[in-house]
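Trainee: Hints are included, so try docking the two chains, each in its own frame, into the full complex.
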Amino acid sequence: AQSVTQLGSHVSVSEGALVLLRCNYSSSVPPYLFWYVQYPNQGLQLLLKYTSAATLVKGINGFEAEFKKSETSFHLTKPSAHMSDAAEYFCALSGGSYIPTFGRGTSLIVHP
Amino acid sequence: NAGVTQTPKFQVLKTGQSMTLQCAQDMNHEYMSWYRQDPGMGLRLIHYSVGAGITDQGEVPNGYNVSRSTTEDFPLRLLSAAPSQTSVYFCASSSTGLSGANVLTFGAGSRLTVL
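Sequence lines, in order, name chains R and A.
For the first sequence, the numbering used here gives the first residue as 1, with consecutive numbering after it.
For the second sequence, the numbering used here gives the first residue as 1, with consecutive numbering after it.
It is worth saying that the hints were derived from the structure and are not from the lab.
Here a beta-carbon is modelled for each residue, glycine too, at the ideal position from N, C-alpha and C.
A hint or two may mislead.
Simulated coverage check for chain A against chain R, where a stretch passes if three residues somewhere in it have a Cβ under 8 angstroms from a Cβ of chain R [what the hints assert, rightly or not]: (1) 14-28; (2) 76-86.
What follows is a set of in silico ranges between Cβ atoms, one per label pair, in the way DEER data are often shown [said to hold, decoys possible]: (3) G63/A <-> H10/R: 27 to 33 angstroms; (4) P83/A <-> L18/R: 22 to 28 angstroms; (5) I109/R <-> R44/A: 22 to 28 angstroms; (6) P40/R <-> Q57/A: 26 to 32 angstroms; (7) T70/A <-> L7/R: 38 to 44 angstroms; (8) T70/A <-> V29/R: 17 to 23 angstroms; (9) Q57/A <-> Q45/R: 25 to 31 angstroms; (10) R111/A <-> H10/R: 17 to 23 angstroms; (11) G62/R <-> M41/A: 37 to 43 angstroms; (12) V12/A <-> E71/R: 44 to 50 angstroms; (13) L7/R <-> R111/A: 43 to 49 angstroms; (14) N28/A <-> H10/R: 37 to 43 angstroms; (15) T7/A <-> L56/R: 39 to 45 angstroms.
In isolation and in its complexed conformation, chain A is listed as follows (with noise of 0.2 angstroms):
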């Protein structure tokens, strides 16, 4: 059971570049979601998804897409990356059938430079 699984690790672009940061969970979990966390502020949510074809806008979604065309994968897309966007990404999975009491179960990371 590999649970929630991030690709790349780490990846350094330049300004104005495109990329997906990959994210599949195999636990069949409906709820899916990208965080990014920076120094001082804890984890911030971009945004999420409750199910194939359905998404949602977090607390900072600016600058960043996403899509849900299965229950495994929910890529991050960054248009025209820019430094401010050089974090740490984490996506998170979970169902959904239990009302706030679910647990988060997250991936490792991938680690974003944009110089």
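This is chain R alone, in the form it adopts within the complex (with noise of 0.2 angstroms):
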């Protein structure tokens, strides 16, 4: 069985400040990972996601995660938070099949 499992339902940060978003998966096979973004009132869109060729993944708008086998986890990051960030975060692990197991979301709240 594989799992997600994201810490924080809720991360409040101001603006400029580091954005952390924490990930930890189980899966009993090599995984593919993935964050998603949901923007307000929108659906589901791709920030990033992992295939084994790197273990540092770049994404759109700044994000970037950082596959750790030995800590089973995948947490995104941003060096300097933006307003346009606040929306719900989903970590997605698929291993080995085309149907994903998603976390429970993060929430981001940027302060100005």
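Mentor: Written as structure tokens, this is what we have:
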């Protein structure tokens, strides 16, 4: 069985501060990992994905994530938060199947 | 390229009424799926399909039916709506050729309220 745990249902940062959204996974096979973003009243869209080519993955809008097998983690970071980053972020895992497992999501709140 | 199109965007039903949420994609994706999104629950898979004529149940299938007569369309039917089905519904599709590395393309969502 595979699972995804996102630590913290809400994360609050000030504009310009570091963004860190945590994701830990469990998989019995080498995983494919994804971060999706959902802006208010929209569907989800891909931020970035890990497919074993490189452990540090760069995505859109300045976000990046690092795959750490020893820690079973795939945390999402951005050096400097912008007001437009306020959204719901979902970590997802595919362990050899095209049916992904999603985490429960983390709401990012950005204060001016 | 429209991607994944869902209709309607908003719907209000009375308990016991039936309705169909429509989903269409123009990317020739084999895999299509329906999720519901509720506060604090994330995304939960309702039903999915890997091609025309093939459907299967996800995590929360009770109260919902699906069919897949064409590659493009994957409607979700509520046979007798209940207040517990008040939610935001998302349709998503992907190709199946990369064994898990495929990215889901989501529709914009359908917000359903059952009174």
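Trainee: Does each hint fit the structure? Answer for all of them.
Mentor: Against the structure, the hints:
no., hint, result
1, 14-28, "violated (count 0)"
2, 76-86, "violated (count 0)"
3, G63/A <-> H10/R: 27 to 33 angstroms, "holds, 30 angstroms"
4, P83/A <-> L18/R: 22 to 28 angstroms, "violated, 42 angstroms"
5, I109/R <-> R44/A: 22 to 28 angstroms, "holds, 24 angstroms"
6, P40/R <-> Q57/A: 26 to 32 angstroms, "holds, 30 angstroms"
7, T70/A <-> L7/R: 38 to 44 angstroms, "holds, 41 angstroms"
8, T70/A <-> V29/R: 17 to 23 angstroms, "violated, 33 angstroms"
9, Q57/A <-> Q45/R: 25 to 31 angstroms, "holds, 26 angstroms"
10, R111/A <-> H10/R: 17 to 23 angstroms, "holds, 22 angstroms"
11, G62/R <-> M41/A: 37 to 43 angstroms, "violated, 29 angstroms"
12, V12/A <-> E71/R: 44 to 50 angstroms, "holds, 46 angstroms"
13, L7/R <-> R111/A: 43 to 49 angstroms, "violated, 28 angstroms"
14, N28/A <-> H10/R: 37 to 43 angstroms, "holds, 39 angstroms"
15, T7/A <-> L56/R: 39 to 45 angstroms, "holds, 40 angstroms"
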